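**Q** If you read the protein sequences in the order shown, they are chains A and B. Residue numbers for the first sequence, in the working numbering: 11 to 425. Residue numbers for the second sequence, in the working numbering: 269 to 775.
Derived by calculation from the structure, the hints in this document are not laboratory data. Treat the hints with care, as some may be off.
[Claimed, not checked] No farther apart than 30 angstroms at their CA atoms in a straight line, the calculated lysine-lysine pairs in the BS3-like style are these:
| no. | chain 1 | residue 1 | chain 2 | residue 2 |
| --- | --- | --- | --- | --- |
| 1 | B | Lys276 | A | Lys229 |
| 2 | A | Lys220 | B | Lys638 |
| 3 | A | Lys145 | A | Lys183 |
| 4 | B | Lys475 | A | Lys347 |
| 5 | B | Lys638 | A | Lys423 |
| 6 | A | Lys229 | B | Lys325 |
| 7 | A | Lys156 | B | Lys612 |
| 8 | A | Lys347 | B | Lys276 |
| 9 | B | Lys638 | A | Lys229 |
| 10 | B | Lys612 | A | Lys423 |
| 11 | A | Lys347 | B | Lys489 |
| 12 | B | Lys372 | A | Lys347 |
| 13 | B | Lys472 | A | Lys347 |
[Said to hold, decoys possible] If you want the ones that stay clear, here's a sample from chain B, every Cβ over 12 angstroms from chain A, calculated:
| no. | residue |
| --- | --- |
| 14 | Thr311 |
| 15 | Ala349 |
| 16 | Ser409 |
| 17 | Ala569 |
[What the hints assert, rightly or not] Here chain B is said to cover these stretches of chain A; the calculated rule only asks that three of the stretch's residues, wherever they fall, bring their Cβ under 8 angstroms from a Cβ of chain B:
| no. | segment |
| --- | --- |
| 18 | 17-27 |
| 19 | 64-72 |
| 20 | 336-347 |
Just so we're clear, the structure is a prediction, and the values are computed from it rather than from any experiment. Ideal Cβ placement from N, Cα and C applies to all residues, glycine included.
Each chain, letter by letter, is given below.
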Amino acid sequence: MGFSPIGVTVLVSIRAGEEEQCSEVLQSINIDTANNVIIDFAKQNITHFARFVILDDFDQGEGRKRILFSAIFDGSIENFFAMLRDCTSDLDAIWGCCEGYTGASNFVQFMMQHNNKTGTILRGHRYDSVQNIQKYLALRDELAQKFDVPITQYEQVIQSLPRKTPNQVRYNKLLKWTHIFLRNTAITLLILPKVLGLLRFGEKLFQVRKVLNQELELKREYTDAPIDKSPPCREFGDGDEVVSQKENDALDSFLDRQMVQNQMTVVTVNDPNDFKLSEATLAYIGTLVNLPFINRNSMIPTIHFGRWLMIDNGKRMLFLSNYDGNWQTYIGDFVDKSATGLDAFWRGSIGWRDATTLDIELFKEGIRCHQIRASYFYSAYPNATVVNVHRAKALYEAYHNNIDDDTAKEWLKYL
Amino acid sequence: MDTVAIDKSDVQGFITSGYGHTYHAAYLFVQLSDVEQAKSWLTDITPQVQTAASWRKDVNGNKIKPEYILNIAFSMAGLQALQLSEIVLNSFPLELQEGITEAKRGKLLGDVESSSPEHWQIGGTKSPEFHFVLMLHAGLSPEDETSIKNFTERISQGLDSHGMQIVHLEWGSRRRDDKEHFGFKDGISQPKIRGINQYGRDGKPIKVNIVNAGEFILGYKNQYDIHPSVPAVPIEQDPHDILPMLPETGALHKMHNGDAPLKDLGKHGSYIVYRKLKQDVALFWNFLKAESERLDGHVNANRMVWLASKFVGRYPNGDPLVASEKEGNQNGFVFSHHDPDGMKCPFGSHIRRANPRDVFFPTDPQTSLKTVDKHRILRRGRNFGETLFDLSRLNSVSNTEQLHILLELGDDGAERGIHFFGVNASIQMQFEFIQDSWTNNPHFNAQYQNKDPLIGDHGTSYQHPSYMHIPYEPVRIRTAPLPRFTDVLGGAYLFMPSITALRFLAR
Numbered sequence: 011m012g013f014s015p016i017g018v019t020v021l022v023s024i025r026a027g028e029e030e031q032c033s034e035v036l037q038s039i040n041i042d043t044a045n046n047v048i049i050d051f052a053k054q055n056i057t058h059f060a061r062f063v064i065l066d067d068f069d070q071g072e073g074r075k076r077i078l079f080s081a082i083f084d085g086s087i088e089n090f091f092a093m094l095r096d097c098t099s100d101l102d103a104i105w106g107c108c109e110g111y112t113g114a115s116n117f118v119q120f121m122m123q124h125n126n127k128t129g130t131i132l133r134g135h136r137y138d139s140v141q142n143i144q145k146y147l148a149l150r151d152e153l154a155q156k157f158d159v160p161i162t163q164y165e166q167v168i169q170s171l172p173r174k175t176p177n178q179v180r181y182n183k184l185l186k187w188t189h190i191f192l193r194n195t196a197i198t199l200l201i202l203p204k205v206l207g208l209l210r211f212g213e214k215l216f217q218v219r220k221v222l223n224q225e226l227e228l229k230r231e232y233t234d235a236p237i238d239k240s241p242p243c244r245e246f247g248d249g250d251e252v253v254s255q256k257e258n259d260a261l262d263s264f265l266d267r268q269m270v271q272n273q274m275t276v277v278t279v280n281d282p283n284d285f286k287l288s289e290a291t292l293a294y295i296g297t298l299v300n301l302p303f304i305n306r307n308s309m310i311p312t313i314h315f316g317r318w319l320m321i322d323n324g325k326r327m328l329f330l331s332n333y334d335g336n337w338q339t340y341i342g343d344f345v346d347k348s349a350t351g352l353d354a355f356w357r358g359s360i361g362w363r364d365a366t367t368l369d370i371e372l373f374k375e376g377i378r379c380h381q382i383r384a385s386y387f388y389s390a391y392p393n394a395t396v397v398n399v400h401r402a403k404a405l406y407e408a409y410h411n412n413i414d415d416d417t418a419k420e421w422l423k424y425l
Numbered sequence: 269m270d271t272v273a274i275d276k277s278d279v280q281g282f283i284t285s286g287y288g289h290t291y292h293a294a295y296l297f298v299q300l301s302d303v304e305q306a307k308s309w310l311t312d313i314t315p316q317v318q319t320a321a322s323w324r325k326d327v328n329g330n331k332i333k334p335e336y337i338l339n340i341a342f343s344m345a346g347l348q349a350l351q352l353s354e355i356v357l358n359s360f361p362l363e364l365q366e367g368i369t370e371a372k373r374g375k376l377l378g379d380v381e382s383s384s385p386e387h388w389q390i391g392g393t394k395s396p397e398f399h400f401v402l403m404l405h406a407g408l409s410p411e412d413e414t415s416i417k418n419f420t421e422r423i424s425q426g427l428d429s430h431g432m433q434i435v436h437l438e439w440g441s442r443r444r445d446d447k448e449h450f451g452f453k454d455g456i457s458q459p460k461i462r463g464i465n466q467y468g469r470d471g472k473p474i475k476v477n478i479v480n481a482g483e484f485i486l487g488y489k490n491q492y493d494i495h496p497s498v499p500a501v502p503i504e505q506d507p508h509d510i511l512p513m514l515p516e517t518g519a520l521h522k523m524h525n526g527d528a529p530l531k532d533l534g535k536h537g538s539y540i541v542y543r544k545l546k547q548d549v550a551l552f553w554n555f556l557k558a559e560s561e562r563l564d565g566h567v568n569a570n571r572m573v574w575l576a577s578k579f580v581g582r583y584p585n586g587d588p589l590v591a592s593e594k595e596g597n598q599n600g601f602v603f604s605h606h607d608p609d610g611m612k613c614p615f616g617s618h619i620r621r622a623n624p625r626d627v628f629f630p631t632d633p634q635t636s637l638k639t640v641d642k643h644r645i646l647r648r649g650r651n652f653g654e655t656l657f658d659l660s661r662l663n664s665v666s667n668t669e670q671l672h673i674l675l676e677l678g679d680d681g682a683e684r685g686i687h688f689f690g691v692n693a694s695i696q697m698q699f700e701f702i703q704d705s706w707t708n709n710p711h712f713n714a715q716y717q718n719k720d721p722l723i724g725d726h727g728t729s730y731q732h733p734s735y736m737h738i739p740y741e742p743v744r745i746r747t748a749p750l751p752r753f754t755d756v757l758g759g760a761y762l763f764m765p766s767i768t769a770l771r772f773l774a775r
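Just need the whole structure built from these sequences, with the hints factored in.
**A** Written out as structure tokens, the structure reads:
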């Protein structure tokens with residue numbers, strides 16, 4: 011749409027026998043840059059997040075694997091893939107092991123062909139480009155340093171900040187609100203066909219509404235989480251990518267705290283009987299959360315971007331997210347803040363029990379056992395949480411549009 | 269939910285009481301060699317284990333306080349040594365199976381670099397393995413050190429005669445004023461257990477700060493309103509029929525066990541986290557001295573105490589920075605009414621991280637409390653080591669002259685700190701969660717690069733620096749990057765069984 015960051019999800023089969031080599035290449039991206047593949051995402055700086063994951067490829071046969079490449083970026087999909095082509099030092103090293111890849115000249119087409127349509131996207135940063143977010147954060151750090159002075163000098167620093175006259179402030183505010191109004195109107199108009207398109211789900215839409223309106227109820231008193239913690243998880247269906255609890259607990263993505271942010275990739279198998287409803291749910295929530303004026307899209311304050319999509323002709327569902335903090339907090343937030351909404355997404359997965367999201371142990375087990383480790387993960391602003399970005403943005407806007415003697419102290423609280 | 273009846277005589281007293289009437293403690297880390305002898309000792313000792321049952325009253329109606337108190341908790345190695353079967357061991361939570369020293373837990377808990385388990389004195393990767401810990405409490409006054417010594421001696425002899433070896437012995441004590449080594453009153457805020465702590469000191473039923481029993485005692489509903497999973501024993505492995513049955517609910521309970529019913533090994537038990545925390549008192553006050561100079565242009569002892577109080581969230585005497593609802597009650601406060609923006613008690617302060625109460629960004633007060641109550645912990649701590657300075661000097665903050673002692677503190681090289689014991693029904697959801705998501709999370713509660721100033725894992729080589737931010741007019745005060753004031757010298761994840769489970773383990 012041009013206003014918000016969007017996502018791509020490319021799935022391509024790895025040629026039989028080349029799985030291991032491909033996995034090694036992915037895991038060494040941007041490490042020891044003299045000898046390995048470099049992807050310089052920062053060069054054009056339109057990428058918020060990107061990841062490579064190796065998934066099982068059951069449909070191709072036992073032991074087969076595939077690459078999942080997912081990214082969130084600013085601008086058009088074609089432009090993004092062209093950028094990816096240009097900023098990758100050795101395109102063939104990564105994609106050469108994939109079926110259907112014919113070289114750099116056809117790369118954009120190749121990727122477009124294997125891209126999967128997003129069902130629902132939740133955005134923590136709705137209308138902000140990578141470059142804007144980085145600008146906000148840089149100003150925040152700059153101002154923080156300015157105020158590292160003895161207490162008696164605080165007033166002096168405040169006085170030294172650029173000022174606007176009351177008239178300028180008024181004018182800037184008017185300009186800002188006009189811009190927001192026009193942008194939101196434009197987005198609403200663009201979304202309208204999608205809203206109308208929901209009608210194709212017919213009565214399923216009423217069912218979705220019903221599910222979302224009813225508060226989820228836990229009808230059991232004891233958790234359904236398995237008592238035995240060590241063997242592999244139970245499989246949810248044919249072609250289910252289960253990993254054992256122990257194995258997945260050891261993932262960096264689960265516990266590593268080197269970064270403020272984390273990421274999650276979850277693959278589940280859809281129950282064919284419930285598929286229509288699941289698809290309607292994704293489309294319904296996906297459309298509504300992006301309606302401006304109505305929806306603020308901030309139900310879970312730790313999500314930078316979260317996406318659900320159907321893959322493999324509806325056989326499986328993929329959940330991809332970039333979030334803040336650790337796995338435990340993230341899942342806990344889900345349960346505390348939107349158990350009903352979350353349950354709606356997964357209730358159509360095989361093996362997913364009633365009100366799983368309210369049975370925290372079982373929910374964790376379900377996610378944990380379907381979570382696949384990423385081989386490579388990129389973030390354009392790795393040291394900032396969603397809330398940090400929001401506050402830095404408020405600070406930035408105030409600093410540039412709004413500082414007069416009355417408001418200076420008001421916005422400094424964001425520091 | 270309000271009518272939980274808990275069989276207190278089956279619960280170890282350590283879970284429900286801090287034994288505040290005793291001033292001395294000994295922690296015996298024991299290794300067993302012969303299982304039969306160990307079991308025979310366990311059979312003898314079980315009746316002596318202090319339970320949570322109400323203390324009896326004398327003829328005048330006064331409670332008879334126990335004078336020699338013994339409790340016991342097992343490490344995973346201990347449960348293995350007692351020859352529990354593989355299926356039973358696998359039913360314990362993963363964090364217990366893997367242990368506190370598991371490599372990936374280093375970053376999660378902040379046990380890295382100077383606090384890494386390879387340097388630990390107890391429970392570390394290079395310290396001797398132990399199978400269980402005995403927590404002994406005795407001594408009804410700070411001066412009475414003889415009682416705990418004699419008690420420890422008596423217990424040691426019993427262990428010795430059953431072929432067991434104390435691989436590590438730690439002494440702990442508490443002060444009359446309950447101060448920890450930095451000089452602040454500690455252990456004030458503790459959650460109350462539903463069904464156990466029914467009535468307050470005023471005799472009225474407790475309604476606030478009360479948490480479902482299942483957060484601390486296995487076999488009960490937790491704050492998610494569900495019974496969490498428990499360690500279990502296949503029925504044929506309890507031939508003497510000691511353990512209670514596990515209710516036959518939940519399809520997954522029998523998942524890996526055919527259709528045979530299971531027995532509940534966890535009921536009335538709990539999990540204990542042990543941490544030996546070393547406090548660098550000289551570093552702490554000297555950092556504040558430098559900060560005072562940087563902020564004011566000269567060193568000022570009052571500013572140092574002011575800063576320290578902002579770090580802690582309380583004054584040295586334990587009074588909260590936020591006014592209490594009731595005079596004299598140091599724990600009777602919330603943040604939403606009196607301090608929503610942290611102007612009094614900073615968001616980064618120790619107490620506002622360990623228990624954010626009703627202001628937990630971005631939710632409303634009620635939701636905040638609901639979330640926070642899912643991650644509480646009972647703390648049972650004792651100090652170790654001599655104090656570096658006369659802590660009572662901090663009692664009157666207005667007496668500036670008394671505070672001058674803070675200006676001349678030097679490191680004497682002695683070890684001092686806290687034996688921290690946390691009681692929780694899920695180490696992962698409670699202790700580890702608090703440690704990772706709250707204490708060591710630089711972005712906790714909408715903050716930016718601010719970990720717990722007192723116990724955070726500051727100054728690691730792989731993370732951004734952490735600063736203390738103190739909301740202030742006209743703009744917040746940000747300290748210099750914080751050094752690590754508290755290091756870890758030891759630790760363990762333990763299972764504290766019920767009396768019934770102890771009898772089972774002894775057979």
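**Q** Each hint: holds or not?
**A** Outcome of the hint check:
{"no.": "1", "hint": "B:Lys276 - A:Lys229", "verdict": "29 angstroms, holds"}
{"no.": "2", "hint": "A:Lys220 - B:Lys638", "verdict": "26 angstroms, holds"}
{"no.": "3", "hint": "A:Lys145 - A:Lys183", "verdict": "20 angstroms, holds"}
{"no.": "4", "hint": "B:Lys475 - A:Lys347", "verdict": "24 angstroms, holds"}
{"no.": "5", "hint": "B:Lys638 - A:Lys423", "verdict": "27 angstroms, holds"}
{"no.": "6", "hint": "A:Lys229 - B:Lys325", "verdict": "43 angstroms, violated"}
{"no.": "7", "hint": "A:Lys156 - B:Lys612", "verdict": "24 angstroms, holds"}
{"no.": "8", "hint": "A:Lys347 - B:Lys276", "verdict": "35 angstroms, violated"}
{"no.": "9", "hint": "B:Lys638 - A:Lys229", "verdict": "20 angstroms, holds"}
{"no.": "10", "hint": "B:Lys612 - A:Lys423", "verdict": "14 angstroms, holds"}
{"no.": "11", "hint": "A:Lys347 - B:Lys489", "verdict": "20 angstroms, holds"}
{"no.": "12", "hint": "B:Lys372 - A:Lys347", "verdict": "29 angstroms, holds"}
{"no.": "13", "hint": "B:Lys472 - A:Lys347", "verdict": "33 angstroms, violated"}
{"no.": "14", "hint": "Thr311", "verdict": "27 angstroms, holds"}
{"no.": "15", "hint": "Ala349", "verdict": "19 angstroms, holds"}
{"no.": "16", "hint": "Ser409", "verdict": "43 angstroms, holds"}
{"no.": "17", "hint": "Ala569", "verdict": "17 angstroms, holds"}
{"no.": "18", "hint": "17-27", "verdict": "violated (count 0)"}
{"no.": "19", "hint": "64-72", "verdict": "violated (count 0)"}
{"no.": "20", "hint": "336-347", "verdict": "holds (count 7)"}
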